[in-house]
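Asker: Sequence:
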Amino acid sequence: MFVGGGNPTCIGLEKLKRLVDIIMPYLPDKSALQEWTFESNPETLTGEMVDFLATLPSIRLSIGIQRLNDHELSVLGRRASMDAVNRAMDMVFSRVQNVGGDFIMGVPGCPSLAGDLHNLVEKYPFSHVSAYFLTVEENTPLQRSITSGLLPDPADIDATELYEIRDALVASGFEHYEISNYARPGFRCRHNLNYWRPGSYIGLGPAAVSSADDIRLSNVADLSRWLTNEAPALEKLSQKDRRNEHLMLRLRLLLDGLDIVDFERHFGRQADEFYTTLTGQIDSGNLLRYDNLVRLTDQGLRIADEVMASLFI
Numbered sequence: 389m390f391v392g393g394g395n396p397t398c399i400g401l402e403k404l405k406r407l408v409d410i411i412m413p414y415l416p417d418k419s420a421l422q423e424w425t426f427e428s429n430p431e432t433l434t435g436e437m438v439d440f441l442a443t444l445p446s447i448r449l450s451i452g453i454q455r456l457n458d459h460e461l462s463v464l465g466r467r468a469s470m471d472a473v474n475r476a477m478d479m480v481f482s483r484v485q486n487v488g489g490d491f492i493m494g495v496p497g498c499p500s501l502a503g504d505l506h507n508l509v510e511k512y513p514f515s516h517v518s519a520y521f522l523t524v525e526e527n528t529p530l531q532r533s534i535t536s537g538l539l540p541d542p543a544d545i546d547a548t549e550l551y552e553i554r555d556a557l558v559a560s561g562f563e564h565y566e567i568s569n570y571a572r573p574g575f576r577c578r579h580n581l582n583y584w585r586p587g588s589y590i591g592l593g594p595a596a597v598s599s600a601d602d603i604r605l606s607n608v609a610d611l612s613r614w615l616t617n618e619a620p621a622l623e624k625l626s627q628k629d630r631r632n633e634h635l636m637l638r639l640r641l642l643l644d645g646l647d648i649v650d651f652e653r654h655f656g657r658q659a660d661e662f663y664t665t666l667t668g669q670i671d672s673g674n675l676l677r678y679d680n681l682v683r684l685t686d687q688g689l690r691i692a693d694e695v696m697a698s699l700f701i
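The opening position of the sequence shown corresponds to residue 389 in the numbering used here, with each subsequent residue numbered one higher.
Source of the hints: derived by calculation from the structure; they are not laboratory data.
Check before you lean on any hint, since a few could be wrong.
[Said to hold, decoys possible] Just the calculated beta-carbon pair ranges, DEER-fashion: (1) GLN422 - ASP458: 36 to 42 Å; (2) ALA595 - THR528: 16 to 22 Å; (3) GLY537 - ASN680: 49 to 55 Å; (4) ILE670 - GLY503: 31 to 37 Å; (5) LYS624 - GLU525: 29 to 35 Å; (6) ARG630 - ILE411: 29 to 35 Å; (7) ASP409 - GLY503: 28 to 34 Å; (8) TYR520 - ASP409: 30 to 36 Å; (9) SER469 - THR667: 50 to 56 Å; (10) PRO529 - GLU623: 31 to 37 Å; (11) ALA659 - ALA595: 33 to 39 Å; (12) GLU633 - ILE670: 19 to 25 Å.
Cβ coordinates follow ideal geometry from the N, Cα and C atoms, glycine included.
Given the sequences, and given the hints that come with them, work out the whole structure.
Answerer: Given below as structure tokens:
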């Protein structure tokens with residue numbers, strides 16, 4: 389179970405307790421719950437909240453830290469300061485064992501995060517780290533700074549920071565198990581693994597998505613419309629869409645990869661062009677095949693989207 393897609397702790401302790409009270413009756417066998425993640429930003433966490441969350445079964449906290457100095461946080465328009473980050477870390481790690489941190493790469497005008505991140509995971513026992521490339525949203529101060537030339541365009545920034553972060557985290561004992569995700573052994577995020585394998589899931593709340601087999605339901609994003617119980621939009625995925633999505637999601641799992649036998653069991657023998665392209669990507673050093681498994685190489689990781697797209701139909 390995953391409570392997030394934002395900053396749930398911004399609603400305050402009492403409403404957080406009310407949310408948990410609503411959820412609990414649907415968990416008759418709490419021992420069967422393998423993972424219960426709450427996302428949070430550092431500036432809204434309090435000691436009382438952490439004390440409460442620490443009592444929940446299989447609790448995992450995911451903290452949206454993003455960057456590790458005040459200037460870089462301000463470039464992103466984050467409300468937290470490093471004082472808030474350090475305060476939150478001290479609170480969380482004194483009470484909760486399974487803690488992840490979310491970070492952003494490719495911030496324009498800022499140096500690599502790798503060194504600061506290495507120091508952080510050596511100081512605090514994070515079980516999981518996510519590092520995503522920056523997405524610049526429209527009509528934000530950051531976009532205006534880039535458009536006006538005050539900051540460089542993130543699209544022009546290469547993938548060097550990804551490799552520097554990967555090397556720093558692997559040196560600290562993390563597995564690079566998905567393109568943007570790292571975990572200590574035994575602490576891969578179960579919620580995210582279910583997306584990537586891919587499995588079925590139920591999404592609750594505005595803009596949430598549910599998926600089972602070839603059916604996808606998307607809740608309306610507007611809160612006022614969602615409160616009227618407006619029906620979700622239904623999409624029936626084509627076999628082509630399911631095939632391409634399966635291929636893309638499985639290749640994102642760097643240690644598992646794409647099982648060709650399983651792929652053919654789900655989607656049938658592929659056209660000759662697929663196997664020719666697959667062999668070409670292997671020969672080019674972008675993919676590695678070991679028995680039935682195909683994985684991205686370090687070289688292929690840099691152009692992962694391009695490699696995956698070459699195998700789509």
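Asker: Could you run down the list of hints and mark each one as holding or not?
Answerer: Status of the hints after comparison with the structure:
1. GLN422 - ASP458: 36 to 42 Å: Holds, since GLN422 and ASP458 (Cβ atoms, about 37 Å apart) stay within the stated range.
2. ALA595 - THR528: 16 to 22 Å: holds, 19 Å
3. GLY537 - ASN680: 49 to 55 Å: Cβ of GLY537 to Cβ of ASN680: about 50 Å, so the range 49 to 55 Å holds.
4. ILE670 - GLY503: 31 to 37 Å: Since ILE670 and GLY503 have Cβ atoms about 34 Å apart, the given range 31 to 37 Å holds.
5. LYS624 - GLU525: 29 to 35 Å: holds, 30 Å
6. ARG630 - ILE411: 29 to 35 Å: Since the Cβ atoms of ARG630 and ILE411 sit about 30 Å apart, the hinted range of 29 to 35 Å holds.
7. ASP409 - GLY503: 28 to 34 Å: violated, 43 Å
8. TYR520 - ASP409: 30 to 36 Å: holds, 32 Å
9. SER469 - THR667: 50 to 56 Å: holds, 52 Å
10. PRO529 - GLU623: 31 to 37 Å: holds, 34 Å
11. ALA659 - ALA595: 33 to 39 Å: Roughly 36 Å apart at Cβ, these two residues keep to the hinted range, so it holds.
12. GLU633 - ILE670: 19 to 25 Å: At 22 Å between Cβs, range holds.
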